[in-house]
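Residue numbers (the numbering used here), protein chains in the order written: chain A, 150 to 588; chain B, 362 to 631; chain C, 601 to 837.
Since the hints were derived computationally from the structure, they do not count as laboratory data.
Warning: the hint list may mix true and false statements.
[As the list claims (entries may be wrong)] Pairs of lysine-lysine residues, derived as DSSO-like cross-links and limited to a Cα-Cα distance of at most 30 Å, are as follows:
1) B:454 - A:401
2) A:313 - A:244
3) B:565 - A:401
4) B:446 - B:472
5) A:226 - A:181
6) A:226 - A:401
7) B:518 - B:446
8) B:518 - A:191
9) B:518 - A:466
10) A:166 - C:738
11) A:296 - A:313
12) C:738 - C:651
13) A:345 - A:313
14) C:692 - C:795
15) C:610 - C:709
16) C:692 - C:610
17) A:226 - A:315
18) B:565 - A:466
19) C:795 - C:651
20) A:466 - B:472
21) B:518 - B:565
22) B:565 - B:472
23) A:401 - B:518
24) B:396 - B:472
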Amino acid sequence: MASMSASRPATETLASKAPTDWSGPAMTARIKGRYRSEFVFKYAGLAALVVAALFLVFLLFTIVRDGASGFRSTDVKVTVTYDPTILGIDQAAAKGPGGKQLIEQGNFQGLLTTADTGLGVGTNVVSEGAWLVLREAVIADPSLLGKTATLWVPTRSNFDLLAKGKFDLDAADEARGVNDADIAAYRQLESRGLLKTGFNWTFLTSADSTTPELAGIWGAAKGSLLTLLVTLVLSFPVGIFAAIYLEEFAPKNRWTDMVEVSINNLAAVPSIIFGLLGLAVFLNFLNMPRSAPIVGGLTLALMTFPVIVIAGRVAIKAVPPSIRDAALGVGASPVQVVFQHVLPLALPGILTGTIIGMARALGETAPLLLIGMRAFVTEIPSGLSNPATALPVQVFLWSDDVARGFVEKTSAAIIVLLIFLMLMNSVAIYLRNRFERRW
Amino acid sequence: MADLNAGSVVAARNAADVVTTKMTARNVNVYYGAKQALKDVSIDVSQENVTAFIGPSGCGKSTFLRCMNRMNDTVASARVEGEIKLDGEDIYKGGMDVVQLRARVGMVFQKPNPFPKSIYDNVAYGPRIHGLAATKADMDAIVEGSLRRAGLWDEAKDRLGESGTAMSGGQQQRLCIARAIAVDPEVILMDEPCSALDPIATAKIEELIDELRGRYAIVIVTHNMQQAARVSQKTAFFHLGTMVEYGDTSMIFTNPSEPRTKDYITGRYG
Amino acid sequence: MADQTSHTVKSYDDDIHQLRSLISQMGGLCEAQIIDAIDALTRRDAEAALKVVATDARIDALEGEAEKLAIQIIALRAPMATDLREIVACLKISSVLERIGDYAKNIAKRASALAQAAPIEPMVIVPEMARVVAVMVKDVLDAFVDRDPELALAVCQRDQTVDNFYSSLFRSLLTFMMENPHHITPSTHLLFIAKNLERIGDHATNVAEMVHYSATGHLISERPRGDDTAFATSAAA
Chain A
150 MASMSASRPA TETLASKAPT DWSGPAMTAR IKGRYRSEFV FKYAGLAALV
200 VAALFLVFLL FTIVRDGASG FRSTDVKVTV TYDPTILGID QAAAKGPGGK
250 QLIEQGNFQG LLTTADTGLG VGTNVVSEGA WLVLREAVIA DPSLLGKTAT
300 LWVPTRSNFD LLAKGKFDLD AADEARGVND ADIAAYRQLE SRGLLKTGFN
350 WTFLTSADST TPELAGIWGA AKGSLLTLLV TLVLSFPVGI FAAIYLEEFA
400 PKNRWTDMVE VSINNLAAVP SIIFGLLGLA VFLNFLNMPR SAPIVGGLTL
450 ALMTFPVIVI AGRVAIKAVP PSIRDAALGV GASPVQVVFQ HVLPLALPGI
500 LTGTIIGMAR ALGETAPLLL IGMRAFVTEI PSGLSNPATA LPVQVFLWSD
550 DVARGFVEKT SAAIIVLLIF LMLMNSVAIY LRNRFERRW
Chain B
362 MADLNAGSVV AARNAADVVT TKMTARNVNV YYGAKQALKD VSIDVSQENV
412 TAFIGPSGCG KSTFLRCMNR MNDTVASARV EGEIKLDGED IYKGGMDVVQ
462 LRARVGMVFQ KPNPFPKSIY DNVAYGPRIH GLAATKADMD AIVEGSLRRA
512 GLWDEAKDRL GESGTAMSGG QQQRLCIARA IAVDPEVILM DEPCSALDPI
562 ATAKIEELID ELRGRYAIVI VTHNMQQAAR VSQKTAFFHL GTMVEYGDTS
612 MIFTNPSEPR TKDYITGRYG
Chain C
601 MADQTSHTVK SYDDDIHQLR SLISQMGGLC EAQIIDAIDA LTRRDAEAAL
651 KVVATDARID ALEGEAEKLA IQIIALRAPM ATDLREIVAC LKISSVLERI
701 GDYAKNIAKR ASALAQAAPI EPMVIVPEMA RVVAVMVKDV LDAFVDRDPE
751 LALAVCQRDQ TVDNFYSSLF RSLLTFMMEN PHHITPSTHL LFIAKNLERI
801 GDHATNVAEM VHYSATGHLI SERPRGDDTA FATSAAA
């Protein structure tokens, strides 16, 4: 180094230096050391990847193991006599106008109890809500009144769980969660061939219920969809326009800097704060309906908006300035530049960002809890202001439920949630590949 | 006798004896924030000649070129003083429509930058936004004419629907020139149009510039002095934000009057 | 024009320097050849004259080398402005110098022929004329080496002296030949020698013009006219 500071030019110093010995022992050791550290880092990275993959596999494995049975349910074959006297329906009147309403008011619970007793196993087998199945059958075919028919109805949760082998029958009475009478009844029905386990359509098509065998995910899923629809409709255009304005039109001054910083900070705000905001503004101040997808959507839109703005700005920034120059150079106005050139090129990036933001919104629980979307809703929501719940909230609610049958439902709901997320991410990837252009 | 011959040779090189001034700049100063990028630049650009701006990097030649169609407006911190006139009309005055100005003063950039659209749409874009074609047939004619004038028709006519970005670099640059002339500008500014091209593509562009000469007033910024010597009739040398010398290309390259010009041209700069 | 700062690419300077030294070398040789030829003539030394004839091959070789180098520089360095003018000047000067060398060789050949003939009287003017021509060649090469346009201009003006020498020699040789037909052979040789010297003077003037153009960018003939117009405009203003 001392020679470098001498007045001689560096080139001369270089020329007078002895040639580097590339195969000397010091150099060989250096090279060996380099290969060693390369090896270490390469395999440390691989090990990290393997650990991460194991975590993922473990997660998916437990969820699928616990949740797969949630998609199956056990039915029992009962013989039902649609006795008009038990039902309290006048057979003649049921065939006339307004008969449907009349049938709907019938005492199907009583009919079911009779049928249940008819199984003769000394305990209730049929689910409390199974009378609905009977009613549906009569509504579909009123001529059934007065006749006898056999049909499959859902069993009580305990029988369902017994059929799936969820109980440890060797355990002590108080620990195994099911009483001897149920076990005896199950064995008897099993031997008579009156039980069958099949795909649980109820789970995919109905809403929440207090009884696990009748609880479904569709209510929550539809609630989530409605909520996300509101979120998308609100945050996507607002986010894109905000991003365009900030990137393309905003003057660079202290105000826009502040807006920028605020938006970036907004993206980092814990979601529960947005929930509190939604509670204070939408429910308490604007008096909007509690538990409604519209409020949930508004709240999640607030949360998703900064994500879309940030993704949008990054995507817009990534559009090469040469395209802008080219358009301006032939006399396009700034608005034409943005909408005819920049935006189409930035769209894949914006869409990807949006979908990832939406996926995050889909998985969000905390803000929804605060605005009342944790309510027990047995109706499938049909509009934006109907009470509804959302998928992650449903998971949360079920995981909290004491009934044994909800354990597998929770995992099944998680599977449904994950499938939704995977679908959204696939759409994001598809859109990115579809619209991505090379320049 | 000898001097008479010498005079006639010079006259032949500078094709236009009688020139009409297309653009004039007087005492143009440009600032980027507090930094002054151009100092008191005054120049006349004629319709008949190709004018080349040469100079080392950061000398302000591209800055000045971008002032000539107000592309510098897109840089928030840029401030332009002095006057630049197009046909006697100050382009920086209040009522000037920038969009129209840029249509009249077209630009070709350093890196070929076709839109990621079809070749046809690339050329048709300008006429479309300015409403220059009433019918599809009109537009077809404009596209064909522009591609022909850019010497690209034979290569492009069978693939008009293909993406402009799928062409080779030289073709892309000629497509950009076709796109610029499609809006029928009066002046074409070229900012180092060949710096990303190979010698053959460069030669094609240079030939194209020569063919377009006279039809459009052409100003070209280039780092390649040989190119300036080949394509231009007038050359301006910029250095550290000032225009050091402006004169006939043949004089600048054989007998520059300013020592700074000579040092730059002969490779003694710096 | 002593402002020749060095090129950013150092080897470019080396090339130009090499070319210039080739020209200087040629010039020095030419000058020596003229002096040696005239020396052989006055001393009637046929052997020395033949040596001069033999030496000319070196000038030819140097010319070939200079031409090759100049073309190479033009091809590889794409010289511009002063460099271009200088290299073209070098190229042209080298061929002019080669011509001068040829004239010196021609003088030497005739000197060896004259050595056999009887000496004649007008001989005495020739060394004097040769001295002036040799100084012109020397000065023009100094002007080339120093890139001195003033000196080059001075050399041009000296050409008239050589022409005057030639006319007077021509006239005296003519009368000499008319007096005695036996004098015709040596006189003709001498006349050609004088013509050769006059041509050398012309070529030196050409070189001076090239040196001047190379250094200033103006042709010598342009200059007075330029000055005239300058006067005219200042007078008008």
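Would the hint linking residue 401 (chain A) and residue 518 (chain B) be met if the CA-CA limit is 30 Å?
violated (45 Å)
For a C-alpha distance cap of 30 Å, please report whether residue 738 (chain C) and residue 651 (chain C) respect it.
Within the cut-off at roughly 21 Å; holds.
Does residue 401 (chain A) lie within 30 Å of residue 226 (chain A) when you go C-alpha to C-alpha?
With a Cα-Cα distance of about 74 Å, the restraint between residue 226 (chain A) and residue 401 (chain A) is violated, given a limit of 30 Å.
Would the pair residue 795 (chain C) and residue 651 (chain C) pass a check requiring their Cα atoms to be no farther apart than 30 Å?
holds (22 Å)
Between the alpha carbons of residue 565 (chain B) and residue 401 (chain A), is the straight-line distance 30 Å or under?
Given pair residue 565 (chain B), residue 401 (chain A) is violated - Cα atoms ~42 Å apart, limit 30 Å.
Would the hint linking residue 313 (chain A) and residue 244 (chain A) be met if the CA-CA limit is 30 Å?
violated (42 Å)
Residue 518 (chain B) and residue 466 (chain A): Cα distance at most 30 Å?
With Cα atoms ~34 Å apart, residue 518 (chain B) and residue 466 (chain A) exceed 30 Å; violated.
Straight-line Cα separation of residue 518 (chain B) and residue 446 (chain B) no greater than 30 Å?
violated (38 Å)
Given the hint that residue 518 (chain B) pairs with residue 191 (chain A), test it: the Cα-Cα distance must not exceed 30 Å.
violated (52 Å)
Are residue 296 (chain A) and residue 313 (chain A) close enough, with their CA atoms no more than 30 Å apart?
violated (33 Å)
Residue 565 (chain B) and residue 466 (chain A) were given as a pair; does the straight-line alpha-carbon distance stay at or below 30 Å?
violated (34 Å)
Distance restraint between residue 446 (chain B) and residue 472 (chain B), which requires alpha-carbon spacing of 30 Å or less
With a Cα-Cα distance of about 27 Å, the restraint between residue 446 (chain B) and residue 472 (chain B) holds, given a limit of 30 Å.
In summary, the structure is inconsistent with hints 2, 3, 5, 6, 7, 8, 9, 10, 11, 15, 18 and 23 from the numbered list given earlier, while agreeing with the others.
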